[in-house]
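Visitor: Given next are the chains, with one letter for each unit.
There are 2 protein chains.
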Amino acid sequence: MRIGIIGTGMVGQTLGSKLVSLGHQVTLGSRTKDNEKALAWAAQAGPDGHAGTFAEAAAFGEVVLNATGGTVSLAALRAAGAEHLGGKLLIDLANPLVFDADGQVTLDPANTDSIGERIQREFPEAKVVKALNTVNCALMVAPDRLAGEHQLFIAGNDADAKAETVALLGGFGWPAEWIIDLGDITAARATEMMMPLWLRLMRKFGTAEFNYRIQQAK
Amino acid sequence: MRIGIIGTGMVGQTLGSKLVSLGHQVTLGSRTKDNEKALAWAAQAGPDGHAGTFAEAAAFGEVVLNATGGTVSLAALRAAGAEHLGGKLLIDLANPLVFDADGQVTLDPANTDSIGERIQREFPEAKVVKALNTVNCALMVAPDRLAGEHQLFIAGNDADAKAETVALLGGFGWPAEWIIDLGDITAARATEMMMPLWLRLMRKFGTAEFNYRIQQAK
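Taken in order, these protein sequences are the chains called A and B.
Numbering of the first sequence is given in this note's numbering, commencing with residue 1 and proceeding in unit increments.
Numbering of the second sequence is given in this note's numbering, commencing with residue 1 and proceeding in unit increments.
Hints listed in this document are in silico derivations from the structure and should not be mistaken for laboratory results.
Heads up, some of the hints might be wrong.
Using C-beta positions, here's what the derived DEER-type ranges look like [as the list claims (entries may be wrong)]: (1) E177(A) to A163(B): 38 to 46 angstroms; (2) M10(A) to M10(B): 40 to 48 angstroms; (3) D144(A) to S21(B): 22 to 30 angstroms; (4) R203(A) to A101(B): 17 to 25 angstroms; (5) E177(B) to E83(A): 50 to 58 angstroms.
Stretches of chain A that chain B covers, calculated by requiring three or more beta carbons in the stretch to come under 8 angstroms of a beta carbon on chain B [to be verified]: (6) 62-75; (7) 136-149.
Idealized CB from N, CA, C, for every residue including glycine.
So that you can see chain A by itself, here it is in the shape it has in the complex:
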């Protein structure tokens, strides 16, 4: 499958490399065509890894992943172009983190809105599925780094798009039964709002390699 990734940071690169290793073709998109990180990634990714602009990556992908920081996601997706996103599964991994001068991290938006919802509203023809934003990218593509079962959460308005997302996550090593469908795209608020806890835990543990397991009554 051809996959476009919007964003060239560690998340985009990690996902891109895993997808290439699984036999997919990947274009990593950045704001400018000469982005050094994207070019370096493509150079080592082999013939199935490409670099391009946001628009080129979105046009290339049958599926598009938003791996930008949440506070710049809408600008990046505008540059990618609504005409390249319509009708496609758009997996949104973003968390809208704002790092304040006082050391606090807040979300923008939060509580009454989410990045996932904003993307769906601005690109109504895209099939937005919120996913993967609750785990570190090393775990995204290798859930067996943790012992036993642990959870991912998905949210979105289109059942087929969510099923396609679950299948893609299966390729990363996530059993379908570990993935909890929280409902429509407004549930993106719930997973984005887990970030303050996640950041506290990361600071406490000194590692990003942890995840949530939901335990139910015996």
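Fit chain B to the known structure of chain A by using the hints.
Guide: What follows is chain B alone, placed relative to chain A:
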């Protein structure tokens, strides 16, 4: 120990009954002295269970638990009286849930503030510890209803008050090593912001008897 509970709902009553069963003396406080739920609870709780006003419960307790809904907690604690809270451990269980007409549940405050912080700011002489607000009250007092380890989170500015909270939770059946100290009271934001996920999970599972387990790398 003498414990004052602010709030007469299911959370307050469940905690009160457990505390009485553990040999503590409990006064359940309500807005008015003739609150029927509080009087009925005290009648069946035996000689160690009492009912009274918010102020009477706070004055009675060597430790005070805030078991009111988060949107009314400050009003209830003002009625309880700063003079009855100063110097005491004040365990805050509140979540500031606002149920909107459109079926969405939001928090007020959220993200840049929390009920835990607001209480600590308004009652600077109290030793506020945020705890227990991430689990259903049946689990609060019986963590063994779920199989295996699962987590509670605490936050607060006073290390001794947190240690005292951990000891009290131990009486409820929570091993100290299951409880994660997230830091100062601003971390109350993190646990209050887990509520949107919790509510989605509750609707999905059809039960409130679940909890989070944090899994770390092997």
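Visitor: Each hint should be assessed against the structure and marked as holding or not.
Guide: Hint check results:
For E177(A) paired with A163(B), a C-beta distance near 39 angstroms keeps the hint of 38 to 46 angstroms intact. A beta carbon spacing of about 45 angstroms between M10(A) and M10(B) agrees with the range 40 to 48 angstroms that was offered as a hint. Remark: the range hint 22 to 30 angstroms for D144(A) to S21(B) is contradicted by a beta-carbon distance near 43 angstroms. Judged by the Cβ atoms, the range 17 to 25 angstroms given for R203(A) and A101(B) is violated: they are separated by roughly 38 angstroms.
The given range of 50 to 58 angstroms is respected by E177(B) and E83(A), whose C-beta atoms sit roughly 54 angstroms from each other. With a threshold of 8 angstroms between beta carbons, the proposed coverage of the region 62-75 of chain A by chain B is violated, since 0 of its residues qualify and at least three are required. Here the region 136-149 of chain A counts 4 residues with a CB under 8 angstroms from a CB of chain B, which clears the bar of 3, and the coverage holds.
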